[in-house]
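Trainee: Which chain is which? The protein sequence lines are A and B, in order.
So in numbering that gives the first Met the number 0, the last one in the first sequence is 184, and the numbering has no gaps at all.
So in numbering that gives the first Met the number 0, the last one in the second sequence is 278, and the numbering has no gaps at all.
Derived from the structure by calculation, the hints contain no laboratory data.
Owing to the predicted nature of the structure, the values given are computational and were not obtained by experimental measurement.
A couple of the hints might just be wrong.
Only pairs whose alpha carbons sit at most 30 angstroms apart, straight line, appear in this in silico DSSO-like list of lysine-lysine [as the list claims (entries may be wrong)]: (1) B/Lys203 / B/Lys227; (2) A/Lys137 / B/Lys52; (3) B/Lys52 / A/Lys18; (4) A/Lys134 / B/Lys166; (5) A/Lys179 / B/Lys14; (6) A/Lys38 / B/Lys116; (7) B/Lys52 / A/Lys68; (8) B/Lys166 / A/Lys179; (9) A/Lys137 / B/Lys44; (10) B/Lys274 / A/Lys68; (11) A/Lys68 / B/Lys98; (12) A/Lys95 / A/Lys154; (13) B/Lys14 / A/Lys134; (14) B/Lys274 / B/Lys116; (15) B/Lys116 / A/Lys154; (16) A/Lys134 / B/Lys203; (17) A/Lys154 / B/Lys98; (18) A/Lys118 / A/Lys180; (19) B/Lys116 / A/Lys48; (20) A/Lys95 / B/Lys98; (21) B/Lys227 / A/Lys68; (22) B/Lys44 / A/Lys111; (23) A/Lys180 / B/Lys274; (24) B/Lys52 / A/Lys154.
Listed next, the stretches of chain A that the computed footprint assigns to chain B, with coverage defined by at least 3 CB atoms under 8 angstroms from CB atoms of chain B [as the list claims (entries may be wrong)]: (25) 2 to 13; (26) 45 to 53; (27) 59 to 67; (28) 77 to 85; (29) 100 to 114; (30) 173 to 184.
So these bits of chain A aren't anywhere near chain B, every CB distance computed over 10 angstroms [what the hints assert, rightly or not]: (31) Gly27; (32) Val28; (33) Asp42; (34) Glu93; (35) Lys95; (36) Tyr169.
By construction, the Cβ of each residue, glycine as well, lies at the ideal position given by its N, Cα and C atoms.
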Amino acid sequence: MTVHHLTTPLTDADLANLKIGDQVLLSGVVYTGRDAAHKRLVDLVNQGKELPIDLEGHVIYYVGPAPAKPGQVIGSAGPTTSYRMDAYAPTLIEQKGLKGMIGKGSRNDQVKEAMVKHKAVYFGATGGAGALLAKCIKSAEVIAYPELGPEAVRKLVVEDLPLTVINDIYGGDLYEEGVKKYRIE
Amino acid sequence: MRVIDYQEIVDAVAKLCMEGNFDLGQDVLNALHRGYETEASAPGKDILNQLIKNAEIARNEQVPMCQDCGVAVVFVEMGQDLTLSGGYINDAITDGVIKGYAEGYLRKSMCDPFTRKNTGNNAPPIIHTQIVPGENLKITVAPKGGGSENMSAIAMLPPSAGIEGAKQFIIERVRQAGPNPCPPIVVGVGIGGNFETCALLAKKALLRDIGEPSPIKEVAEIEEDLLKRINNLGIGPGGLGGRITALGVAVEVYPCHIASFPVAVNINCHAARHKSIVL
Chain A
0 MTVHHLTTPL
10 TDADLANLKI
20 GDQVLLSGVV
30 YTGRDAAHKR
40 LVDLVNQGKE
50 LPIDLEGHVI
60 YYVGPAPAKP
70 GQVIGSAGPT
80 TSYRMDAYAP
90 TLIEQKGLKG
100 MIGKGSRNDQ
110 VKEAMVKHKA
120 VYFGATGGAG
130 ALLAKCIKSA
140 EVIAYPELGP
150 EAVRKLVVED
160 LPLTVINDIY
170 GGDLYEEGVK
180 KYRIE
Chain B
0 MRVIDYQEIV
10 DAVAKLCMEG
20 NFDLGQDVLN
30 ALHRGYETEA
40 SAPGKDILNQ
50 LIKNAEIARN
60 EQVPMCQDCG
70 VAVVFVEMGQ
80 DLTLSGGYIN
90 DAITDGVIKG
100 YAEGYLRKSM
110 CDPFTRKNTG
120 NNAPPIIHTQ
130 IVPGENLKIT
140 VAPKGGGSEN
150 MSAIAMLPPS
160 AGIEGAKQFI
170 IERVRQAGPN
180 PCPPIVVGVG
190 IGGNFETCAL
200 LAKKALLRDI
210 GEPSPIKEVA
220 EIEEDLLKRI
230 NNLGIGPGGL
240 GGRITALGVA
250 VEVYPCHIAS
260 FPVAVNINCH
270 AARHKSIVL
């Protein structure tokens, strides 16, 4: 099993080394966003307006964290299901230079095509392990849309966030390959 | 006629909301450990190990095991010889949910379906009440995550589909859900009743401890066959490929109309959260 230590922002050279099934320990700045924030970001792109965050080379983590308890940086923070962002992801990849997405669950063909064409990857984080994953988040601040509560855009600084490459820039899909290997007819 | 105080219900519900989110049931933990022993895929084993560690952190630090602290689904069995002082029972439950989600630092996930504006306090809960004999009040809080709920489905099959048709519908639904509902999953199935009762049976099936078969022999056999065939799908923990796609399958049944054969499948992630109290 290949393990890559990567720090954001990601370069095309970083992504060229990643293959489906590889483990990545990701450090640096990661932005959060889910359904409502994505809708707003893509509306801004379509209107030709500036985004509140610079996505060039960056990674969006699909997460709506639980509130922090006193003394905590952030509450539990595992991935949400990614397909709900499929309608928006290609625009951010094609027009804003988004290089990585972290979530769980399958992406549609439009997202996969955009990842191959514009060089971006989709990472899986362990769904249901929100208390464990929160330990890798060293700081968190809301930087846009605070009124969205758990859906606000946060700037996280992460250290060794454990991820698996699900879709690489070569068109591979770990979910499809994994099921083929273990399916019993 | 026994009288129970409004605030006693509020406090009990608040506690159940927190316990449900912090403390994964021993039945699920045992199933995760058993799954770890049998899982053939190395990435699959790693995911199961992460989920076991995650449950330990949640319990030890009293934090939610998942950031999705769910819709608060509340099952109430109210004795017919019991009455309430100080207010209406559904208000007491709602106040309990608001209190529990605030004091437990649990995520609030309820919103207006059109504007998508968050209600801000995880209210309203979804309450299913049954009047039963006696003077006790049993309350079960089952926080239910959105990602797995979205993968659920109901079919009004023709009776000619038979048990095999029902099984194929359930297995196909799990196959299509693939990695989305955070496998390993728990599968609740309702068979019979009518449209709304069938869905409720599937939800109630999720309240049963994992590994506890239906007391009806034929139904237990259906559960066993479904679990085997679902695990043959190869989806595995995290959807990365593997043997452990489901930790358990529970089926609840009810008689239905001669023209109908309703089948509902309610998918839960591994966090099959439910805590009960009898007051």
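Trainee: Evaluate each hint against the coordinates.
Mentor: Going down the list of hints, with the structure as the test:
1. B/Lys203 / B/Lys227: holds, 22 angstroms
2. A/Lys137 / B/Lys52: holds, 19 angstroms
3. B/Lys52 / A/Lys18: Holds, at roughly 27 angstroms.
4. A/Lys134 / B/Lys166: With a Cα-Cα distance of about 41 angstroms, the restraint between A/Lys134 and B/Lys166 is violated, given a limit of 30 angstroms.
5. A/Lys179 / B/Lys14: Violated: A/Lys179 and B/Lys14 sit about 44 angstroms apart, past 30 angstroms.
6. A/Lys38 / B/Lys116: Holds. A/Lys38 to B/Lys116 sits at ~14 angstroms (cutoff 30 angstroms).
7. B/Lys52 / A/Lys68: holds, 20 angstroms
8. B/Lys166 / A/Lys179: holds, 22 angstroms
9. A/Lys137 / B/Lys44: The given pair, whose Cα atoms are some 27 angstroms apart, holds under the 30 angstroms limit.
10. B/Lys274 / A/Lys68: holds, 22 angstroms
11. A/Lys68 / B/Lys98: holds, 15 angstroms
12. A/Lys95 / A/Lys154: holds, 17 angstroms
13. B/Lys14 / A/Lys134: holds, 25 angstroms
14. B/Lys274 / B/Lys116: holds, 29 angstroms
15. B/Lys116 / A/Lys154: holds, 22 angstroms
16. A/Lys134 / B/Lys203: Given that 30 angstroms is the threshold and the Cα spacing comes to 34 angstroms, the pair is violated.
17. A/Lys154 / B/Lys98: Holds, at about 29 angstroms.
18. A/Lys118 / A/Lys180: holds, 27 angstroms
19. B/Lys116 / A/Lys48: holds, 24 angstroms
20. A/Lys95 / B/Lys98: Answer violated: A/Lys95 to B/Lys98 is near 42 angstroms, above 30 angstroms.
21. B/Lys227 / A/Lys68: violated, 41 angstroms
22. B/Lys44 / A/Lys111: Status holds; Cα separation ~27 angstroms.
23. A/Lys180 / B/Lys274: violated, 38 angstroms
24. B/Lys52 / A/Lys154: holds, 26 angstroms
25. 2 to 13: violated (count 0)
26. 45 to 53: Coverage by chain B is violated for the stretch 45 to 53 of chain A (0 residues, Cβ < 8 angstroms).
27. 59 to 67: With 6 residues closer than 8 angstroms to chain B, the stretch 59 to 67 of chain A meets the three-residue bar; holds.
28. 77 to 85: holds (count 4)
29. 100 to 114: holds (count 3)
30. 173 to 184: Since 11 is at least three, the answer is holds.
31. Gly27: A/Gly27 is indeed farther than 10 angstroms from all Cβ atoms of chain B, at 21 angstroms.
32. Val28: Answer for A/Val28: holds, closest chain B Cβ roughly 20 angstroms.
33. Asp42: Label holds. Min Cβ-Cβ 14 angstroms, cutoff 10 angstroms.
34. Glu93: At about 25 angstroms from chain B, A/Glu93 clears the 10 angstroms cut-off, so the statement holds.
35. Lys95: holds, 23 angstroms
36. Tyr169: Given a closest Cβ separation of 18 angstroms, the condition holds.
Checked against the numbered hints given earlier, this structure breaks hints 4, 5, 16, 20, 21, 23, 25 and 26; the rest are met.
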